[in-house]
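Protein chains: 2
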Amino acid sequence: MKYLFKNALVVTMNQNMEVIRSCDVFVENGIISAVGMSGAKERCDAAVIDASGKLLMPGLINGHCHVPMTLMRNYADDMDLQTWLFDYIFPVEEKMSGEDIYWGSLLGIMEMIATGTTCFIDMYDHMNCIVKAVEESGIRAHLSRGVTNFEEGTDFSRHKGLNEAIDFYRRWNGAANGRITGAFAPHAIYTCTTEFIRAIIETAKRFNAPIHVHLDETRVEHEDCLKKYGKTPTRYLYDLGLFDQRTVAAHCVWITDEDIDLLAEKNVTIAHNPTSNLKLASGVAPVPRALNKGVNVILGTDGASSNNNLNMFEEIHLASLIQKGVNNDPLLIKAKTVMRMATTNGAAALGAKDLGIIEAGAKADLILVDLDKPHLMPLHNALSALVYSAQGSDVYMTMVDGRILYENGEFKTIDKEKVRYNIKKCCDRLFG
Amino acid sequence: MKYLFKNALVVTMNQNMEVIRSCDVFVENGIISAVGMSGAKERCDAAVIDASGKLLMPGLINGHCHVPMTLMRNYADDMDLQTWLFDYIFPVEEKMSGEDIYWGSLLGIMEMIATGTTCFIDMYDHMNCIVKAVEESGIRAHLSRGVTNFEEGTDFSRHKGLNEAIDFYRRWNGAANGRITGAFAPHAIYTCTTEFIRAIIETAKRFNAPIHVHLDETRVEHEDCLKKYGKTPTRYLYDLGLFDQRTVAAHCVWITDEDIDLLAEKNVTIAHNPTSNLKLASGVAPVPRALNKGVNVILGTDGASSNNNLNMFEEIHLASLIQKGVNNDPLLIKAKTVMRMATTNGAAALGAKDLGIIEAGAKADLILVDLDKPHLMPLHNALSALVYSAQGSDVYMTMVDGRILYENGEFKTIDKEKVRYNIKKCCDRLFG
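Chains as they are written, first to last, in this note's numbering: chain A, 18 to 449; chain B, 18 to 449.
Next comes chain A alone, as it looks inside the complex:
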């Protein structure tokens, strides 16, 4: 399928952050093949999309999520982390079947594509069911089977989670025309023994695979690690060699300046989740300091049970505001910086130079933002408008790999009624 976007206001996110008015963008076989002011005539075999009055930009990359947790959205709020996790979340998760995971994932994917996310980085369980939802919906995803181990020991050859993680990686990494990529995911330092983390690192090395991990999310995690190992969580994983693999480390709220140096040295990506960190009262991650030292920082929503939505426009907005306010500096995390975090930095985290950008040769993961909204008038500055004024609901169209998944309120690959019906069924069983 070929598409020609006509007369868009194009936010390229290229090196010079070019914003081009009345620009045409041509998409061929899932790839952006031309960006410019002409090209319409010789490509009359393409479906033409009138993008006047709309802004075309790279799709957003959600850097940290647990997509099936949509089922627990607004189920447990305004409580402390321990109560939330042990009295509410874990008991429900124990009851969740593959069926629940599948429908919960589809619901989360609906929300993401309706608000401009074209790729998400996820860690959860029942991977085959999440894969099914990703495959069918057409979204792009970097997935990992999150694993935990609380018992001492060194032989993990029969560890259920790790074996499932290996099976998942073997079977699905690179699947669906490369839309699905895999990683290994030790859940966190407080849910995995040292030997288990070693085993996962070895496994990841064997497959030359990346790693996704929760890191230094709470003060408790930080202080417990200092007590137990005499070092920070970052130093602990650094010393284990975990960061020798390409790593996305979610949260990093409590990292020290020395930790930042270690993360920079190893090219570790920080997935910053401002809403979740505020809502669970974890704190505010030192993002400006990390960026200053050259660390790649991306943005994530975390799961819907600690957010409570999967709307990347909210994270963009909040990531910029919170640092200015808390650090007493209005110049921090400018519009262009936070837009990088949501697009090209996400691509860098995945080792993908052809994502998060509009230029010839890049993958056609694109969104159209409808500018005909009161809150987007006047349009003095497109980047500021995207960061400070825009809403997820301003997304008019979402395309992944050159395929339109969502347009004008309509889901092209997902049966909304069926999802609504089945979510109700799942919830009746889980919570009824």
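In case anyone wonders, no lab produced these hints; they're calculated from the structure.
Owing to the predicted nature of the structure, the values given are computational and were not obtained by experimental measurement.
A pair holds if it fits inside one copy or across any two, identical chains being indistinguishable in the list.
Simulated crosslink set (EDC-like; lysine to aspartate or glutamate; CA at most 20 Å straight-line): (1) 19 / 371; (2) 429 / 389; (3) 248 / 278; (4) 149 / 184; (5) 390 / 445; (6) 351 / 97; (7) 429 / 152; (8) 23 / 387; (9) 222 / 181; (10) 390 / 427; (11) 390 / 424; (12) 353 / 97.
Given the structure of chain A, go ahead and fit chain B onto it with the hints provided.
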């Protein structure tokens, strides 16, 4: 006109925070005349609105705004307050004509009614033009002519701003079926001499009128006041007797515990503007402490040039998140607390017991929220959904004084095309 809302999920915001399923609400002559499970048959002369799958709640009250500043939306971002104000905002404001004010106000009102705001508290200039926009659009507004005076002296009988403020109050307080109410507004302690503030207080007393003022927004304001007057801004205004009038004090970011006691003693309302305070790096107001001491706290957007939108759902969301995260306490500013701030507390600030609530006898300022959105599924808890998941764009219908102003994307009282055309014209002249 009579309306019957059928089968709504009603968030009443009444004393017991009742949330009623499958509820009918009857509206007659601008007043809610019945709330309950029946009543459909005997009221067949009413226009029936099928509200199944929708949530009916009181309209939101925007506690602090400068509505015409929409014209400067996304015009000056990521800069310090001094540069922003003196190099960008003031020079444009000097050029603004009544025409600009009128169209900018209409644009802001469009945005507010499309995102569920039914009443706003505003302070600006060219009041007749703002009044015109309020009258025509049908929204409710508490307006004041903001005044400043930098020159020493005690005779203000010829002060242009003060005379305009008096004329405005005389002419418009209580106008448009009571939709428009007035106040006097000394802009701030750093833009008014002591004698001028005294004169405004005297004037407000003469008219038995309320006051709207900026208070303790920045550290600079706080410290300069300590230096100049030997007391905090709150104590300074308290000693002048300003708080003897019903007062809305915007921001209060730097207030001390003793200040909070003074505000509580005088029943002063704090208008909290979380987005603006973060974006301009003013800081985070001590809202939990103020609430604990019984101060009435409401929510505001501030102007669109420091936000950059007028979407109260964002302020609701942020007001809850920011306090949890910054104070390291996930139990702070729970969903029900912040919903009170956006509704009934706003009504209390206006001395209006018949606003911000769904009960028989209250004014029919109502909004319908469409629940058929992926991010509002499942619906475990309506209040949590409104605070943590909902978007301004979920608002399906907005009614003020029993009149529908907005429904299903359509503005009933405002010509959107005309506003777009004229906003462009104004901006071409102001910024061209």
